[in-house]
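Number of protein chains: 2
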Amino acid sequence: MIERIAILGTGLLGTSVGLALRAAGFRGSIVGWNRGPEGAQQALAMHAIDSIAGNPIEAAHTCQITLLAVPIYPTLDLMEQLSAVLGPEHLVTDVGSTKAQITAAATRLFNTPERAAFLPGHPMAGKERGGAELGDANLFRGAVWLFTDDPAWQRSTTAASLAASWRELVSAVGARVIDIDSVRHDEMVAWVSHLPQFTATALSALLEDEVGYAPELKDVGGRALREMTRLGASPYSMWRDIASTNTVAVERALMKLEQRLAHIRENLRTPELREEFERANKFRRD
Amino acid sequence: MIERIAILGTGLLGTSVGLALRAAGFRGSIVGWNRGPEGAQQALAMHAIDSIAGNPIEAAHTCQITLLAVPIYPTLDLMEQLSAVLGPEHLVTDVGSTKAQITAAATRLFNTPERAAFLPGHPMAGKERGGAELGDANLFRGAVWLFTDDPAWQRSTTAASLAASWRELVSAVGARVIDIDSVRHDEMVAWVSHLPQFTATALSALLEDEVGYAPELKDVGGRALREMTRLGASPYSMWRDIASTNTVAVERALMKLEQRLAHIRENLRTPELREEFERANKFRRD
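Sequences listed follow chains Y and X, in order. Going left to right, the first sequence walks through residues 37 to 322 as the numbering used here numbers them. Going left to right, the second sequence walks through residues 37 to 322 as the numbering used here numbers them.
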């Protein structure tokens, strides 16, 4: 039975997890902490958390499960601090968007029988803007929640049971759990998550330079333009860490897209264009 | 008073116009024609049209206003045929996605006091898939409907009055009319419509090659991936004509996007990345 969960970072994801746990019937206490006190106050006012902790280490110490819901580098920092003070009666998990570095840190700092357990997680859910006030109990409904547990880890019975409990809670909030190797995870999300984001950023930044002087042109573009640039609103603060921790895979994906765009550009009047459309149609059909 | 309208081409757009005119209270008759007879039957069954014409010329001859709702090259073909048989008591208009060639053909073939009038139009509305069965009376609600009338055209009083009537009908179906020069139109839609489409096609075709073997990865990508590739389903048959009639402007836009993606790729770990995100954020904010 999980009686107490700490949520460190009550931005969009942390606040949504708190709201979703409540909506799913979780009856224990949820203690929250946030670097900026307004975010924690907002989460408290929304009943996503029951109380605000003075500091993250103290919060984790009083809880069986601690969720790190901060960007990737702050996650790595908190992992260092928490591994020094928590024991095998604790589980720490996270929501970081890249998993190779976090999973490697978990091997180094957690997941031996004497230490706290760490379960690296990544819910494929979000919004193009962050903040506790956008927190949503239904954010994870139908979404995939990836875990990159290393099969070599040796956990105490308590730690293994806490990890199983967290997986159950993730299912209870409506997410579909998929397990995947952490390196494969990062290669895969480079294609299906990071490439779409950097493409939307590039397109939006280009359009700002080319037609930004005439905001009425956005209406002309209609739904197609709105959709293709929605992710242009995504914050640098989150994507900086992703770009820095998955650089090689993202570089490769971007390079391939540049080549694909050049191929289309060179074939606007040839039958090759048909093949590109058919390939694209197939991706949407399957 | 408009008593009879011909819709030549009862695909998604033609059928939607018929449905929208009815929903807006248009009481005259609507005669439809489609190259494939199933499309016309479908539009008739949906009450988007009242009758099916045996051939497009005959249909136009019996109507005050004729809407060409076919791709760009068939539009240019029909313009040639119709200009030979219609007089100043007729107005022809269209929905073609590029306007420089169609507007030049209108100058050559229509819009003198002795000839039929032509009003080049372009509703910024559509779906990623076509077909009469997707016809939607609300497709134009809130959309922009562009016209590229040439101020040098000399029209008879009747023709001018028919053009004014069509503009009123377009407003009645919920669209916002904007007038723009045809060459400027094509440059502008290259940015806000054609570039987003070819970007989605390139991204979808690339993802088909890279992760198409594993359809479950699409779930991992979630809403962001779905949105960024939705237009990947768009048909080549429509976009071929756009690529062929707006080649230079589309080439320029694609080249600029390739350069922008390369710039992001080369700066994944530098402060330049922040500037790209801030520019993209600004595009979405304004």
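In short, the hints are calculated from the structure, not lab data. Warning: the hint list may mix true and false statements.
As the list claims (entries may be wrong) - If you anchor each label on the Cβ, the simulated ranges turn out as follows: (1) A120(Y) x A298(X): 41 to 49 Å; (2) D113(Y) x A298(X): 41 to 49 Å; (3) A188(Y) x G178(X): 30 to 38 Å; (4) P307(Y) x N174(X): 46 to 54 Å; (5) E116(X) x R212(Y): 51 to 59 Å; (6) P307(Y) x N303(X): 51 to 59 Å; (7) E252(X) x E74(Y): 35 to 43 Å; (8) P307(Y) x R144(X): 39 to 47 Å; (9) T98(X) x N303(Y): 39 to 47 Å.
C-beta atoms are modelled at their ideal positions from N, C-alpha and C, and glycine is treated no differently.
Hints, verified against the model:
1. A120(Y) x A298(X): 41 to 49 Å: holds (43 Å)
2. D113(Y) x A298(X): 41 to 49 Å: violated (32 Å)
3. A188(Y) x G178(X): 30 to 38 Å: violated (56 Å)
4. P307(Y) x N174(X): 46 to 54 Å: violated (37 Å)
5. E116(X) x R212(Y): 51 to 59 Å: With a Cβ separation near 56 Å, E116(X) and R212(Y) satisfy 51 to 59 Å, so the hint holds.
6. P307(Y) x N303(X): 51 to 59 Å: violated (36 Å)
7. E252(X) x E74(Y): 35 to 43 Å: holds (39 Å)
8. P307(Y) x R144(X): 39 to 47 Å: violated (29 Å)
9. T98(X) x N303(Y): 39 to 47 Å: Cβ of T98(X) to Cβ of N303(Y): about 43 Å, so the range 39 to 47 Å holds.
The structure shown violates the earlier hints numbered 2, 3, 4, 6, 8.
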